[in-house]
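Given the sequences, and given the hints that come with them, work out the whole structure.
Same order as they appear, the protein sequences are chains A and B.
In case it helps, the working numbering puts the first sequence at residues 1 to 472.
In case it helps, the working numbering puts the second sequence at residues 1001 to 1335.
Because the hints were derived from the structure by calculation, they are not lab data.
The structure presented is a predicted model; accordingly, all values stated were derived computationally and were not measured.
The C-beta atom is built at its ideal place from N, Cα and C for all residues, glycine as well.
Under the rule of at most 25 Å between Cα atoms (straight-line distance), these lysine to any residue pairs were calculated in the SDA-like manner:
#1 B:Lys1146 - A:Met76
#2 B:Lys1326 - A:Thr122
#3 A:Lys123 - B:Ile1311
#4 A:Lys166 - B:Lys1146
#5 A:Lys123 - A:Thr46
#6 A:Lys435 - B:Arg1108
#7 A:Lys166 - B:Val1142
#8 B:Lys1146 - A:Arg12
#9 A:Lys127 - B:Thr1317
#10 A:Lys431 - B:Arg1104
#11 A:Lys45 - A:Gly436
#12 A:Lys123 - B:Asn1057
#13 A:Lys219 - A:Val38
#14 B:Lys1146 - A:Leu9
#15 A:Lys127 - B:Tyr1315
#16 A:Lys174 - B:Ile1307
#17 A:Lys123 - B:Arg1256
#18 A:Lys123 - A:Val38
#19 A:Lys45 - A:Gly125
#20 A:Lys123 - B:Val1322
#21 A:Lys166 - B:Asn1280
Not close to chain A: a few residues of chain B, all C-beta gaps over 10 Å, as computed:
#22 Phe1018
#23 Leu1160
#24 Arg1189
#25 Leu1193
#26 Arg1195
#27 Ala1203
#28 Gly1206
#29 Asp1217
#30 Leu1226
#31 Pro1236
#32 Gly1245
#33 Gly1253
#34 Ala1257
#35 Ala1264
#36 Phe1278
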Amino acid sequence: MHVSDTALLLARWQFAFTVSFHIIFPAISIGLASYLAVLEGLWLKTGKVVYKELFFFWSKVFAVGFAMGVVSGVVMSYQFGTNWSGFSAVAGAVTGPLLAFEVMTAFFLEAGFLGIMLFGWTKVGPKAHFFATLMVAVGTLISTFWILSSNSWMQTPQGFELVDGKVVPTDWLKIVFNPSFPYRLVHMALAAFIVAAVIVGACGAWHLLRGRKDDAIRKSFSMALWMLLVVVPIQVAVGDAHGLNTREHQPAKIAAIEGLWETEKGGTSLNLVGWPDMEAEITHYAVKVPHLGSVILTHTWDGEIQGLKSFPPEDRPNSTIVFWSFRIMVGMGLLMLLLAVCGLALRRHGRLYDARWFQRFALFMAPSGLIALLAGWVTTEAGRQPWVVYGVLRTRDAVSSITVDQVGTSLMIFVMVYFLVFGTGIYYMLKLMAKGPHLPHDEADAEASDTGRGRERFDHRPLSRPTDSIDE
Amino acid sequence: MPIDLPVIWAAIIAFGVFMYVMLDGFDLGIGLIFPFFDREGERQVMLNTVAPVWDGNETWMVLGGACLYAVFPLAYSILLPATYLPIIAMLCGLIFRGVAFEIRAKARRTQHLWDLAFIVGSGVATFAQGVILGTLLQGVEVRDGKFAGGPFDWFSPFNLFSGIGLLVTYATLGCGWLLMKTEGELQRRMAVLMRPLTLALGATVGIVSIWTIAGQDSVAKRWFALPDLFFFLPVPILVIACLIGILVCVRRGADRAPFLLTMAILFLGYTGLIISIFPNIIPPSVDIWTASAPRSSQVFTLVGAAIVIPIILAYTTLAYWVFRGKVRADDEGYH
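Following this line, the structure appears as structure tokens:
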């Protein structure tokens, strides 16, 4: 059955829409799970009650986000069958087992220990509880490992042969550890940490702006800024290395990201801004910096970068999209760097908790991690087009024999359901964050001691009490 | 003789799907009988019985889907387009239900809306699963390794009845689970509800069985060929014994037996289903060998499954053990 261009386009929109909505939640979960493990570890080690308060507080936000991630993720794996059965038929032999490994080694680990982590305070001892929290955090990272391996294989496929037009795996080590995998894995894991750090920081800033300056608020604000100060520079370096790797394996993607049409001799300039035009094969209004392209992408003064014109038109990704999505990601990264550095400067002058302009800045940066993350994924995914498996299977050959009606209807349903359900979910997460951790004098027992470890302390502290409603 | 990987994999996936139907069956069932219970605090207790484990239960479905995709990609790429709209409906149902779990306890003003989302989500997801099951039983039109039917092929009386059948099955499971996990007045009302559910379950199992055999010669031949009939005969006999067992145990006020017996019925029905279609994976024309992924994919995934699935079973058991016993309205540590 012939699949119309419209059905293909709608199927692509459906995937882009659902995966973009989905990734928001796992990114928050990955970051928060590790943060929670650190908080609980610190609490067990120091016995300071502030860590426990923060743990309880963020675990509530985590629980909502995690549930959103689970239910929106189920949709993803089924789409490979419903809309992209060509992809399943050709490349399922590689991506299927990787997905199965993710489910077996990560999803069950998370789901199995999540119950104990969220509801098990009174059922198990503190050490066992800490173990459960660790398992949930490790589970999220294992999950990242497999899904990034699968995605990276689609970007830089190897370790297989084609038999009757279908992928037959020959070397699983080569498949799992394909050339772009290490870079993409580290880049994504750090991105998730940054997503959580800017959100935790912004939540702290919001409460500081509202006049709450107790220990829990200060601590979370300070921890988030330390985290950013360490991780953002590393992320910049990893991103740079990832770029070199992409130039080696997917030169057309790099050319599209840079809006570079000609292969320039004796050093490539960099288009800072501009408007790449796919029809006219030119980048309008380009502001160029000589040699900077070579310096960034080859680490040499006059390294050569292939222009888009050296690829046949049917093999070119859409430069207009990836040129800008890439710049949005980098721009967000630079703003985060600025935030972290300002934070350090204020800290040295002892004004971290007083400078209101800085707190507003931190609050404003709340979504920056997610924006950068989404922009980065748009860059790498749209930059892989017109291929779904780079050089092996074109996107247009991967779509199921579906009708416009089917895919159009389901897209419409998904858009409505997602905005309704996940919109509400996000609203509740924001409400929870706006409520903030319990004030230290909220309950008598919290003041009683700063060293009260042991399970008996939990017996009177349920995760959230019936009075904890958040929509009144 | 080389190991017949597709058979091993068919067994693993059959196991995974059974785990899903059994485990998510009872927590979807809680949503289905939600409308009958609306006294103060009752619904929250019902939810609390599964709050720590529902997520793990649903993961078995993801496992079934992912393994099917990994080792029988052809079956995956036929079944999903063939049941496109029921799949979408099921996913949307699961979305509403999953989110309601998390948010219901935290909401006040909008709590009744989340209750509705939980009920309708559970109902739609269950019904859609039943329709998908019916479609599979009835057979899917395949040409050149692709789904060759229309977008509404799944819309048939038999498939819709399968949907109703699964609603009854899950509701009975859910009721049995709550009979085991609650006490006092709530438990007593569960016992009252369990009896009509059990009778309805017996009726639907009977109707689906007869309808399948009457409607499909291949299934009838499989069941009634001698001497196989004598091996298969215990299945329906045991189902009837279990149904009677549930009614007797409920009357005697047993805690656990009704739930265990309902699971036994589910297991027997599932066995019957497998007897009816094996070795096909998409009846009537695609068998497990045709649908198989390359050997290297099946081996690679099998190595992982052999190591990891026992570990999963161990800590899943642990999670159920930690949260064993009755759930009370004043329990702490829940939402």
